[in-house]
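K.L.:
Got chain A; can you put chain B on it based on the hints?
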Amino acid sequence: MTVEASSTHTAKLLTYPLNAWYVAAWEHEVTAKGLLARTVAGRPLALYRTADGRPVALADACWHRLAPLSQGKLVGKDEVQCPYHGLRYNSAGRCTGMPAQETINPSAVVPSFPIVERYRYLWVWLGEPTLADPAEIPDMHQLASDEWAGDGETIYAPCNYQLVLDNLMDLTHEEFVHSSSIGQEELSEAEFHTTHDGNSVTVTRWMLGIDPPPFWLKNMRDKYPDFEGKVDRWQIIHYYYPSTICLDVGVAKAGTGAPEGDRSQGVNGYVMNTISPERDRSCHYYWAFMRNYRLDSQLITTQLRNGVHGVFSEDEAMLKAQQETIDANPDYEFYSLNIDAGGMWVRRILEIALEAEGRGAASPAHGVAVPKTTATQEP
Amino acid sequence: MADKHVEWQDATVIESVDIATGVTRVVIEPARPVPSRPGEHLDVLVRLDNDRTDERSYSIAGASPDGRRLAISVSLRPDSRGGSDYMRALRAGDRLRITQPLQDFPLRVGAESYVLVAGGIGITAIRGMASSLRRLGADYALHYVGSSRDRMAYLKELEQAHGDRLIAHVTSESGRMSVDALVDAAPSSAELYMCGPIRLMEALKRSWERGGRDVTALRYETFGSSGWFDAEAFRVEVPRLGVTVDVRPSESMLEALERAGVEMMYDCRRGECGLCEVDILGLEGRVDHRDVFYSERQKAPNSKMCCCVSRVVSEDGSEDRQGLVRINVS
Numbered sequence: 001m002t003v004e005a006s007s008t009h010t011a012k013l014l015t016y017p018l019n020a021w022y023v024a025a026w027e028h029e030v031t032a033k034g035l036l037a038r039t040v041a042g043r044p045l046a047l048y049r050t051a052d053g054r055p056v057a058l059a060d061a062c063w064h065r066l067a068p069l070s071q072g073k074l075v076g077k078d079e080v081q082c083p084y085h086g087l088r089y090n091s092a093g094r095c096t097g098m099p100a101q102e103t104i105n106p107s108a109v110v111p112s113f114p115i116v117e118r119y120r121y122l123w124v125w126l127g128e129p130t131l132a133d134p135a136e137i138p139d140m141h142q143l144a145s146d147e148w149a150g151d152g153e154t155i156y157a158p159c160n161y162q163l164v165l166d167n168l169m170d171l172t173h174e175e176f177v178h179s180s181s182i183g184q185e186e187l188s189e190a191e192f193h194t195t196h197d198g199n200s201v202t203v204t205r206w207m208l209g210i211d212p213p214p215f216w217l218k219n220m221r222d223k224y225p226d227f228e229g230k231v232d233r234w235q236i237i238h239y240y241y242p243s244t245i246c247l248d249v250g251v252a253k254a255g256t257g258a259p260e261g262d263r264s265q266g267v268n269g270y271v272m273n274t275i276s277p278e279r280d281r282s283c284h285y286y287w288a289f290m291r292n293y294r295l296d297s298q299l300i301t302t303q304l305r306n307g308v309h310g311v312f313s314e315d316e317a318m319l320k321a322q323q324e325t326i327d328a329n330p331d332y333e334f335y336s337l338n339i340d341a342g343g344m345w346v347r348r349i350l351e352i353a354l355e356a357e358g359r360g361a362a363s364p365a366h367g368v369a370v371p372k373t374t375a376t377q378e379p
Numbered sequence: 380m381a382d383k384h385v386e387w388q389d390a391t392v393i394e395s396v397d398i399a400t401g402v403t404r405v406v407i408e409p410a411r412p413v414p415s416r417p418g419e420h421l422d423v424l425v426r427l428d429n430d431r432t433d434e435r436s437y438s439i440a441g442a443s444p445d446g447r448r449l450a451i452s453v454s455l456r457p458d459s460r461g462g463s464d465y466m467r468a469l470r471a472g473d474r475l476r477i478t479q480p481l482q483d484f485p486l487r488v489g490a491e492s493y494v495l496v497a498g499g500i501g502i503t504a505i506r507g508m509a510s511s512l513r514r515l516g517a518d519y520a521l522h523y524v525g526s527s528r529d530r531m532a533y534l535k536e537l538e539q540a541h542g543d544r545l546i547a548h549v550t551s552e553s554g555r556m557s558v559d560a561l562v563d564a565a566p567s568s569a570e571l572y573m574c575g576p577i578r579l580m581e582a583l584k585r586s587w588e589r590g591g592r593d594v595t596a597l598r599y600e601t602f603g604s605s606g607w608f609d610a611e612a613f614r615v616e617v618p619r620l621g622v623t624v625d626v627r628p629s630e631s632m633l634e635a636l637e638r639a640g641v642e643m644m645y646d647c648r649r650g651e652c653g654l655c656e657v658d659i660l661g662l663e664g665r666v667d668h669r670d671v672f673y674s675e676r677q678k679a680p681n682s683k684m685c686c687c688v689s690r691v692v693s694e695d696g697s698e699d700r701q702g703l704v705r706i707n708v709s
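Just so you know, the sequences run in chain order A and B.
For the first sequence, our numbering gives the first residue as 1, with consecutive numbering after it.
For the second sequence, our numbering gives the first residue as 380, with consecutive numbering after it.
Isolated chain A (complex conformation) (with noise of 0.2 Å):
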């Protein structure tokens, strides 16, 4: 067989957009008594926090000989000792101490990424500094609110990014993947509807007068210890730019008014899921599931978490195969279905995003790993 040329034009292996907040770690991963190392979009973190508190990233190589500053220690108040010749930095990633000479070198510094602690998360930006700017953080306000309960884990994904996306925005496959929890044939028979707009997609389906799946009946009785019955399914799945889908799912008792808008009889959780790409083919999935009933149940809490984690590996498997399956394939294309309407507006928007920052497919610049500017004068 010779592919010669090709009528699709998805791409196999995307990047990622440097100017967005990514996830680089849980708050509670990270903290005053050491460094934590990770790498987000390319970039290798040492993560920690001041004394009183405050998040710290700088890139972990020292500016010396770049040895590794996550392997060093914590000193004072907010200063990271290099493991190596003990060269020490400011949480400004500015040079406090070095061996040998009475004088600091005017260049010893090494970047400090803006960072925030929200939701839970902190998110690091890793682009051009001046464009950073905390409103743009994505909407995961369930995972911090008193209206909602609920954990979460840490995949470590061994593929691009974008599969995860492709994974989360269209959830037919779960019909397949998932057939022993939440999948059933509903889902590929129900019509789904997508929009977008800016930098957020939303795809919405709705499956009315079914029979729930074992994972949704289990939390119906979690509510309605004698239920028994049909149920007005939906799956709303909201993007939001660079790397974030939040799936708005549940079940209601049938006919009881879920699709207009009263949910009251039914149960409502949150899939919030956020993913950092670490390098081309591997990231950080992070996610959590919230639900708004039963709020002091930590019972309920672990055994949600614990059951999305098992739906989870099965996802996870599917992506770490897939991913093996492109690179052995080298030759051939991806081909799109109608299903992927959400995930291909996903792509269009993190191709935009690329593309202003020089780095898109057509770009000179192309996988070089360098920030848009805003330093525009004419010269």
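If you are wondering where the hints come from, they were derived from the structure by calculation, not from laboratory data.
What you were told as hints is all true, and nothing was included just to trick you.
Interface residues of chain B toward chain A, partial, derived using beta-carbon atoms under 10 Å:
# : residue
1 : R416
2 : R487
3 : L515
4 : T595
5 : E600
6 : T601
7 : G653
8 : Q677
For each residue, glycine too, the CB sits at the ideal point set by N, CA and C.
P.N.:
Chain B only, in chain A's frame:
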């Protein structure tokens, strides 16, 4: 923050215009453009007399958003080491070799307030920072020090762009600026970014340290290209090697020693890293310490010097007796 490996590339001169007395603005088009950020500079391969080539650093004075056009400003100084003659002779269509933009002077976003100080041609590096801060709506003051208005590049444009935030200190009109007053007026939370002659920067540094301020909040870069005295010819002797060499005003002591066949160790060649230090065994004249490697305490006894930038000058009033330094090298 040398965050990129240095890569050399071709570039084409688009235009060359005198924009102030003694200042030429050269706009170039790099073969491989990348966006540029405030505080960056280019290294340029310059051709000197006798067909020697050498590298010179020039701050980027402005760039188009895609980096396809970069402007640098070249100033003609009496003690030019030859690089500015080459640069000022460039005409539209000429080719040259440059690096990609290099960053050793990053502007930190998020400080409570900023004081920017430019002396003379140092405005080149500071101008881009000022316009970034204006766009960010930051609290900043821009001090621009010059000998006379006609020598101060970009002055009119800066007045228009920055209004009251620009404070021009013109020596011919109001005499020497008070460095202490400038530092005292800066808010305690301010970060100060400076670029200019070493005399101005040393004075600011001293005033900053005397005020007990956070030394990491004082930001600058050095190209080691200015001194306390004008460059003069002087003689270097290395008794252990039996070498004597005359250093021309247009070359560094390091270059002269290499020319004489002495194997030298160095790296930054701008007075920062200290690798090129030599021991001083004897001295006729004064050492013009142009480096930022030694502390004042270390410079005072004149027992060592960074030969990549520092020089020797004759004692005052003895113009016919040139300086001499006897050294040992590693």
